[in-house]
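**Q** Numbering (the working numbering), first residue to last: 78 to 494.
Quick caveat, the hints were computed from the structure, so don't treat them as lab data.
Do not rely on the hints blindly, as some may be mistaken.
As the list claims (entries may be wrong) - Derived pair list, reagent style BS3-like, types lysine-lysine, alpha-carbon separation capped at 30 angstroms:
#1 K433 with K475
#2 K267 with K254
#3 K265 with K110
#4 K226 with K88
#5 K254 with K233
#6 K493 with K143
#7 K290 with K88
#8 K143 with K318
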Amino acid sequence: MGLKSEFKNIKGTRDILPEEAIRWKKVEDVIRKKMESYNFQEVRFPAFEATDLFRKSTGESTDIVKKEMFTFEDMGGRSLTLKPEGTPSVVRMYLQHGLFNRGALQKFYYIERMFRQERPQKGRYREFRQFGAEVIGSVSAETDAELVKSALDVFKELNIKGIELNINSIGCPRCRKDFVKELKSFLKGKLNGLCEDCNRRYAENPMRILDCKIDRTKLKDAPVPSDFLCDECREHFEDFKKRLDFLKIKFNIDSRLVRGLDYYTKTVFEFVNTSLGSQNELGGGGRYDELIKFMGGEDTPASGYAVGIDRMMLLLPGKDEKISVDVYLVTFDVESDLAGFEILNELRERGFSCDKDPMRRSVKAQFREADRQNAKWVIIIGENEIKRGVVQLKNMNKGKQKEIPMEIDKIVKELKC
RNA sequence: GUGAGUGUAGCUCAAGUGGUUAGAGCACUGGACUGUGGCUCCAGAGGUUGGGGGUUCGAAUCCCCUCAUUCACCCCA
């Protein structure tokens with residue numbers, strides 16, 4: 078014991094041990110059930126894609142593409158990247174398989190691992206899991222509200238409290254043009270008073286300056302996108318808010334919420350929780366009406382979001398579950414061991430989880446193991462039982478033991494009580 | 001990428017200003033109880049004190065470097 082391996086998990090990754098895995102399974106079950114109740118269809122996609130997919134869709138000016146991607150070359154010299162987010166892959170999948178031929182409206186969800194090369198901290202890992210949903214083919218604000226609702230449903234089902242919803246509209250390329258013009262003229266004289274990042278954003282993606290935490294107060298009077306919405310975008314935003322009201326979903330309008338991805342249009346939103354510490358954003362999303370056309374498809378509206386499951390798990394009430402097994406077998410000699418083994422196999426076929434000691438250790442050791450495994454029942458077989466054609470069935474919680482015939486149906490009947 | 005904190009057994013933590021062989025609880029293995037778990041008692045196993053270098057008669061302790069890790073900044077999920 079205690080031989081130390083020279084290997085350990087890589088920075089920003091983590092192992093999920095059995096007790097925690099039980100929690101994960103429950104959470105994933107809830108996600109699947111809820112998503113499917115909205116008729117989102119599950120899709121799964123590769124761990125890595127062509128680097129250009131993210132460059133083009135996530136956007137060159139984003140932090141993700143600029144400094145957070147795990148990028149490597151395959152033996153043919155192609156540049157590949159571990160997926161940092163899901164939307165580009167879903168869009169790629171949609172276009173590649175001609176899923177528009179299945180109907181104008183497609184609704185997907187996914188549970189996938191994502192990879193971003195950032196400095197890890199509480200609630201932030203380099204390998205993390207997200208669930209997300211994407212609706213392709215609907216311009217309707219109803220869709221945006223439905224997406225929001227589906228995420229809130231998951232939080233609710235998991236008993237996660239204290240989630241706040243922030244929303245905003247950042248308009249379409251047409252109205253954004255006016256806004257950016259106005260923003261730039263507002264910023265012109267102030268640039269050398271602003272931080273380095275803001276100066277870079279001024280050239281690359283001025284809207285994101287609104288996001289800046291350092292210069293917040295200096296930018297208090299800066300124009301915001303929602304003041305420049307065209308009629309169509311304004312109506313869409315109004316409709317979105319009305320839909321949320323109708324669903325009795327509370328929200329804050331954050332006129333400076335712009336989000337970090339290049340492809341968003343109109344609706345943007347995020348879920349936050351203040352008790353999470355600095356990584357308080359649980360999930361977010363928005364509409365991306367231009368992306369599919371930009372990626373080579375027909376002009377198709379779309380909307381979606383993603384939620385960090387690891388982060389969500391930090392808010393999950395309750396403790397890790399104990400592992401447990403239905404039946405543990407205790408035997409005394411070779412003959413009873415074989416008889417018991419046969420019973421175990423039959424019980425396994427009938428759906429019971431069963432186990433036994435493979436090393437023929439002492440009875441005491443076998444019982445200790447049964448206890449450690451949280452066995453509900455122990456089946457005891459020895460020389461006497463074999464001779465008389467019976468087994469002892471012990472209820473480990475009550476500590477009571479009962480003798481019953483060595484017949485599978487009779488044993489099963491007892492186990493079901 | 002920047003800043004701060006922390007590294008002692010599988011886990012949680014001890015070892016006054018440097019001083020024999022680095023300890024305890026939990027967990028693990030075995031025994032007391034050779035056909036019955038949890039409780040109790042006894043015993044055993046488990047350490048390059050993260051690694052390297054330096055100061056010193058002597059370093060877990062002081063200094064330097066390095067690595068890991070945590071939190072925060074930035075940004076995101």
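**Q** Are K267 and K254 close enough, with their CA atoms no more than 30 angstroms apart?
**A** 20 angstroms, holds
**Q** Are K493 and K143 close enough, with their CA atoms no more than 30 angstroms apart?
**A** 59 angstroms, violated
**Q** Take the C-alpha atoms of K226 and K88, compute the straight-line distance between them, and say whether it is at most 30 angstroms.
**A** 35 angstroms, violated
**Q** Keeping to a limit of 30 angstroms between CA atoms, is the pair of K254 and K233 held or broken?
**A** Between K254 and K233 the Cα gap is close to 39 angstroms, so the pair fails against 30 angstroms, i.e. violated.
**Q** Next pair to validate is K265 with K110; report whether the Cα-Cα distance is within 30 angstroms.
**A** Since the Cα atoms of K265 and K110 sit roughly 51 angstroms apart, the hinted pair is violated (cutoff 30 angstroms).
**Q** Holds or violated: K290 with K88, Cα cutoff 30 angstroms?
**A** 27 angstroms, holds
**Q** Between K143 and K318, does the CA-CA distance stay at or below 30 angstroms?
**A** 34 angstroms, violated
**Q** Starting from K433, check that the Cα of K475 is at most 30 angstroms away, please.
**A** The hint holds at about 21 angstroms.
Of the numbered hints listed earlier, those contradicted by the structure are 3, 4, 5, 6, 8.
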